[in-house]
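Novice: Spelled out from the first residue to the last, the chains are:
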Amino acid sequence: MNKTLLLIAALSVLCIAAGCARRETRVEAGNRDQILHLGNLSEPRDLDPHIVTGVSACNILSALLEGLVAEEPGKSGAAERWDVSSDGMVYTFHLRQNAKWSNGDPVTADDFVFSYQRILSPALGSPYAYMLHVLKNAKAFNTGELPDFGKVGVKAIDFQTLELTLESPTPSFLSQLNHWSWFPVHPPTILKHGAMDEMGTKWTAPENYVGNGPFKLKSWKQNSSIVVETNPHYWDRDTVRLKEIHFYPIGDHKIEERSFRAGQLHVTGTIPLERVQYYKDRHPELLRLDPYLRSYYYLLNVSKPPLNDPRVRKALALSIDREKIARYVTRSGEQPAFSFTPPHIGNYKPPTPFQRDIPAAKQLLAEAGYPNGEGFPELTLLFHTSDLHTRVAEVIQQMWKETLGIHIELENVEWKVYQSRRKNKVYEIARAEWVADYADPASFLEIWQTGGGNNHSGWSSPEYDRLIQKASQTLDETQRLETFRQAETILLNELPIIPLLFLPSKSLIQPSVKGWKPSILDHHPYKHIYLEAQER
Amino acid sequence: MVKFIIRRFFELIPVLLIAISITFFMVRLAPGGPFTAEKSFSEEAIARLNEHYGLDKPILVQYGNYLLNVVKGDLGPSFQYPSRTVNEIISESFPVSLELGAWAMLFAIVVGLVSGIVASLRPNTIQDHVPMGIAMTGICMPSFVLGPILILVFGLWLGWFNASGWETASDRVLPVITLGAAYAAYIARLTRGSMLEVLPSDYIRTARAKGLSEKAVILRHTLKNALLPVVSFLGPATAGIITGSFVVETIFNIPGMGRMFVLGAFNRDYTLILGLVVFFALLVVVFNAFVDILLGLLNPKTRQHS
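Protein chains in written order, with our numbering: chain E, 9 to 544; chain Z, -2 to 303.
Since the hints were made in silico from the structure, they are not lab data. Be a bit skeptical, because a hint or two may be false.
[As the list claims (entries may be wrong)] The following label-pair restraints were derived from C-beta to C-beta distances:
1. E/Lys159 with Z/Val58: 35 to 43 Å
2. Z/Val58 with E/His415: 44 to 52 Å
3. E/Glu88 with Z/Asn47: 38 to 46 Å
4. E/Thr393 with Z/Phe287: 36 to 44 Å
5. Z/Glu211 with E/Lys226: 54 to 62 Å
6. Z/Glu164 with E/His291: 21 to 29 Å
7. Z/Val12 with E/Pro240: 52 to 60 Å
8. Z/Arg119 with E/Arg40: 47 to 55 Å
9. E/Thr393 with Z/Gly61: 32 to 40 Å
10. E/Ala541 with Z/Leu153: 55 to 63 Å
11. E/Gln405 with Z/Val259: 55 to 63 Å
Bear in mind that the values here come from a model prediction, so they are computed numbers and not experimental data. C-beta atoms are modelled at their ideal positions from N, C-alpha and C, and glycine is treated no differently.
Turn these sequences into a full structure, and let the hints guide you.
Specialist: Okay, here's the thing in structure tokens:
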């Protein structure tokens, strides 16, 4: 008996002694070996660029694959240079001679043709196929109306020359090419594991994956980590200094922050709202709050009275104190939003036709038949479980009560329930946000066109649709942006949405990470990132 | 014994059928489907996906097909992770949960038995009160409180362990303690109780009178009978510890089956949820049968009754 006890005691002491010795953390070891450890929010659906949606997959794909142009605006990627026809309709890309796949095969124009045919194939059911609808006849092919891919505006002129013909001149085309839906896939690998238009084959398994990016897939442990290592065949491999990147799918922000503190992560995917102030006060050097193309707004169901009255919608929008929310409630570098499009997209200056104006809001509500909120029906504000949404909803509920005298019920539901209700328009007011797919006002404003897949407000304006169409075909940049401004002015006068905040990209970052530049799309080309252990 | 095992096997079938049927229709009743997302998929894309996964067929046909596939051992493709089947997901995540569960069970048994025996030898003294007080706290403290406390102390302040993950051997320590603590506490109380019941028996007095050493009396004579309630607790506890580890798996970001189950439910991954329910049901039934057999071996009385 006593011996057993003694043995257990001895073992415990040994364990503790072994633990006591100062451990080298994962970050310290990574700094020495150029291995970057990244918090990556969630497990990606897949690593097939034609199948995936969402930020976590995008973060990994940008290491494994490379599109025609590079992440940095105007810089070249798999294509060395390109010519644009004078009418802006035909783009001719000249691929790099030394561009190679991770198995050593050359990257050819035919590979891109194959890739674009694959994502547009109706049978694949790619969620982002619509990104390629700018190509001539692509939409018809994608919906199955046009069976012959030969009529789509994609052509391999020769081994290294790719010609893309557009449906109409699209000035934002080059920045759209940065989206992962335009990334190429390696045809022999796809065909080895299934048909061209077959989803869910084994080609994305680590032992099969072939990519053309600066890194190649090394291992994929489900829900644990995805590891990529330097691709020796990458054309610009001398620039790449990291040896490996480990992506960890840590969905819980609090766990991610704890892992960062324990020295397990170089960079986190985000940061819990309640910890931002702590880092601002104590460790500002670890906190990164950068401008991001992310708009946080309330969606109004314009088919339901009283929200079908633009005066009511405007009264709701005018009575919110956004500065107060940003400064005292969210406190993580949010900017008050008086437009739907954030202010950092190139030369685009979004219009701001309204400001906070309580007397005007009261006046509008009275005109709509609800003086001091009397007789105003009880509306429900729908959002899904999250710290941010709850806090913002509570303060706005209070503001509307105080300024307009109306009462709004709050309804907090689970994520999928929220999505389904929003899509089926079973809501009155709903929390929503939009992250741009590419850096252009079109990525924000196109969604509010009549019948748009993400236009869940039920709002429709022929004039708005006309202006968006016109802008997307205007070659002159100043005129194009002005047309977008006119369209957004209509949106902000009609207000099927209430812009609230522009959210920054938030992360914690170790000082040893170098070359991690702010990016409005929150993309960070890994080939320019390296690690440098600081002096102790 | 063979007859007993065969009977248990046939009892399994209705249990599984009921579990599958209820789950199959319940998951489909939940609002939202596997393909609803913040940025909407186009109608065409959703139609293609439904077609790909057979969700466009009448629900009874889907149900029939699913049952047929389960009989063949095929749990179908995952909706959320298109390149993986549910069988692959289980075969990757079950060993993780099993390892976590096995270590936690071992921890619970060793710590529980030792402190239970120690406490029972001098009842109502400090030697009893201290381990039983700790055990009571252990039973009352939920793992979502204990886990973060352990992380805070041993992960962040002392820096001995990682705060999350399942990569190195030392990553096992904190989750195992978190998961095993409540079970250890329960086993300790159970052991103490049944030890105290057995110790005053006549045959123990006889054993002592024969001049056997105290060690032999406790380990060979008392413990053998005192263990029966502990063993019957171990069956459901083992199944529970392996299947019910999702809280611990979430706190420590461990890629086990419990976490897959939670993610499957959030993502409306119908086949993944169903597959895991089938697998869990199988585990629970098998463990309970196993314990029944073990009890039969330990105690001839049970064997006769059953």
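Novice: How does the Cβ-Cβ distance of Z/Glu211 and E/Lys226 compare with 54 to 62 Å: does it lie in that range?
Specialist: Cβ of Z/Glu211 to Cβ of E/Lys226: about 59 Å, so the range 54 to 62 Å holds.
Novice: With respect to the beta-carbon atoms only, verify the hint that E/Ala541 and Z/Leu153 lie 55 to 63 Å apart.
Specialist: Since E/Ala541 and Z/Leu153 have Cβ atoms about 21 Å apart, the given range 55 to 63 Å is violated.
Novice: Range hint 36 to 44 Å: satisfied by the CB atoms of E/Thr393 and Z/Phe287?
Specialist: Given a distance of about 39 Å, which is inside 36 to 44 Å, the answer is holds.
Novice: Does 52 to 60 Å hold as the CB distance between Z/Val12 and E/Pro240, or does it fail?
Specialist: This hint holds: roughly 54 Å between Cβ atoms.
Novice: Is 21 to 29 Å respected by the C-beta to C-beta distance linking Z/Glu164 and E/His291?
Specialist: 26 Å, holds
Novice: 32 to 40 Å was suggested as the range; check whether the CB atoms of E/Thr393 and Z/Gly61 agree with it.
Specialist: 36 Å, holds
Novice: Quick check: does the Cβ-Cβ distance between Z/Arg119 and E/Arg40 fall within 47 to 55 Å?
Specialist: Holds, since Z/Arg119 and E/Arg40 (Cβ atoms, about 54 Å apart) stay within the stated range.
Novice: Confirm or reject the claim that E/Gln405 and Z/Val259 have a C-beta distance inside 55 to 63 Å.
Specialist: Violated, since E/Gln405 and Z/Val259 (Cβ atoms, about 30 Å apart) do not stay within the stated range.
Novice: Taking 38 to 46 Å as the stated bounds, is the beta-carbon spacing between E/Glu88 and Z/Asn47 within them?
Specialist: 42 Å, holds
Novice: State, for the Cβ atoms of Z/Val58 and E/His415, whether the hinted interval 44 to 52 Å holds or is violated.
Specialist: 48 Å, holds
Novice: Regarding E/Lys159 and Z/Val58, is the given constraint of 35 to 43 Å on their beta-carbon distance met?
Specialist: Given range 35 to 43 Å: holds, Cβ gap about 38 Å.
Taken one by one, the earlier hints fail for this structure at numbers 10 and 11, listed in ascending order.
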